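Q: Residue numbers (my numbering), protein chains in the order written: chain A, 102 to 438; chain B, 2 to 334.
Keep in mind the hints are simulated off the structure, nothing from the lab. The structure presented is a predicted model; accordingly, all values stated were derived computationally and were not measured. Where is the CB? At the ideal position from N, CA and C, for every residue including glycine. Hints may contain errors.
Unchecked claim - One side of the interface only, derived from the structure: several residues of chain A facing chain B at Cβ under 10 Å:
| no. | residue |
| --- | --- |
| 1 | Pro226 |
| 2 | Val233 |
| 3 | Leu235 |
| 4 | Gly246 |
| 5 | Gly247 |
| 6 | Ala314 |
To be verified - Covered, in the sense of this in silico footprint (three residues per stretch, anywhere, with C-beta under 8 Å from a C-beta of chain B), are these stretches of chain A:
| no. | stretch |
| --- | --- |
| 7 | 349-362 |
| 8 | 413-419 |
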Amino acid sequence: MNNVLKKAAGALAIPVIVAVVLNVLCALGGRAMLASKTSFDNFVVYTAIVMITTMALSINLNSGRFDFSLGAMAVLSAVIGAKLSYVLLAGGPGSATLMLVLTVLAGAVLGLCSGGLYVLLRIPPIITSLGVTLIYEGITYTITGGRYMMTEVQNADMAAFAGNWYWGLLIIVAVLAGIIVLFDHTRFGVDYRALKEGQRVSVNTGIREVPNALGCYAVCGALMGIVGFLNAARNTNINGGSLSFGSIGIMFTAFLPMFIGGYISRWCNEKIGYLLAALCMSMLNSTFAVYANQVNASMQSIINAVLLVLFLIYLNNEYRIASFFKGPRAQRKAAQG
Amino acid sequence: MAKTKIAAPSAASYRRRQMLITLLPLLALGVLFAALCAVVSTKGYRLDMYLEIIFNEGVVLAIVATGAIFIYTLGSFDISLGASTLFSAALGVQTYNATGSLPLMILVIFAVAIGCSLLSSVLASVFHIPVFVTTVAMMSVLSAIAAQIITTYGGALGGISIPGEVVKPLDKPWIKIVILIAFAALCVFIFNFTKIGRRQKFLGGNPVCAQLTGIDLNKYAIIAFVMAGLGVGIGAFLTLVYTPSVNTGTASSIGMNIIVAIVFGGMPISGGARSRIYAALVGGFSYILLNNILMLLIEGNAGYGISQIISAVFFLAVVYVTGINYRTQTLPR
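With the hints as extra help, turn the sequences into a complete structure.
A: Given below as structure tokens:
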């Protein structure tokens, strides 16, 4: 029981501290962090976007596969989903659900294509992802003519989806459960972890690396499909004009929560850690909204980047910092090891 | 004896293939240049005008990429170089507008560019932060600060600028060629004829072994970032010479284009012994040539998207062919 409480306290420490600090900051500004239903709806949807992007980024990055194409995949899958659902339902009832399903399918196919190219060409994943990013951005641009896609995503069904927090919550729960089951309780997940820890040994023991890598790319694609759908619902448009790696910004929002989530995972499941980290990021985003007049987009980018660097400085020098406070004997020990 | 007879031709054919792969980027540059000339003359456009545009775009990419080779040789990478170029140019413009001094502007551009690079390397080596994360953070910070400066002093849609006549006398092809050759010569000298280059290649090829022999990774990482900063400084200055105004989109894609250019030039992104300075020069100009040819061939708004797709396919094909001898049993990471 003590152990469980200890773990819960450890896992919740960062989110609670963040919540307290940011709520105090908002109170100093004379406003509440989540003052209205709309801001709460946004909070839940943003949490879902950050959590899912973080999961998609971490799946391949933890295996040493840097994937620049996540953002391009999200945008292109959303464009395909929006176009097809509009052709089938013309923005009528059920459009949002159909678009979500089609976007996830399109994302999975795009992920599979990206992984297929990597497996087929056998060139470093960072290079493959650069090429894939350019290709997907080019396809998006060609489909949309470089314009914002609005007609296909501006309908009552999409508005109802973005305007009700429980849809966002449902997606968070479904994705979290699905990913935990897939990566922690299936043969696929066991193989994934084995390949992550020791690629050559795993391959030599008979684990089939290619299907596992393809599966990872397909899952990442499907997850980014959900992100593309949520972004479309939240922004009521899809930007089809990103070229020359303009789409990679979507991926960068996930770096800080990935490291925070990794840190929190010392006390709980890694995926729960990503959810808690996404909550922290969403609270920060809501605080930015409270101070929208004082903190513009540039300032937000700077604050996010500085927080990322400060957190990583702590994370990578944790033992040195701890030993600094424990005295010279512990410092010598830290220096040795 | 029989074994020797079989092995000899295969070794020779391997060498031939290696030589072909080494020469392929240069060959591709030649083919692309010929293709551009053919397309421009078929369309009835002015070749000199296109060559000038391509040279001005290519020279900045080639110089920044040449400096970046030192980072990539270590097996590391830096995607903040585009943002760093924008930031240096923006501060250069602000300096000129405040003081009216061109030498001071140049000094600030170089100091800022090298300073940003040093900050990245210090964060990575002193605080042990993974380089890719450091450069992601630097990219966000630098582009955000630059955007803040540009929108504050130049308005949301416009940009900040210096009077055209200040840099007009420097906007001559021969000056840019001299700068390009001088910087490339400096890089070739350091890379090929000093222990810095040798040790960097060793560190990139086998970091554990290199460090066990006493080579200090941090020291060579800092040198690599300083060289990249120098390239960024020159790139930012030449950007201002060509277009004396800076907006939020200036040099925005350089950071990623460098990776494409280096790979186009035939250098592995993993660095190590196969790293070459000329890869950046050849790859930088090849990439710009290819983009311009495709833009000429596919006109209209959709042309931007289609030309990017074709150029990406070409990029992947080049990487595949140049890396054909280095396939491993496991998937590369």
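Q: Give a verdict on every hint.
A: Results for each hint:
1. Pro226: Pro226 (chain A) check passes; min Cβ-Cβ to chain B is 7 Å, inside 10 Å.
2. Val233: Interface hint status for Val233 (chain A): holds (8 Å vs cutoff 10 Å).
3. Leu235: This interface hint holds because 3 Å falls under the 10 Å limit.
4. Gly246: Where the cut-off is 10 Å and the nearest Cβ of chain B is about 6 Å from Gly246 (chain A), the hint holds.
5. Gly247: holds, 6 Å
6. Ala314: holds, 6 Å
7. 349-362: holds (count 4)
8. 413-419: holds (count 4)
Hint check: no violations occur; every hint is consistent with the structure.
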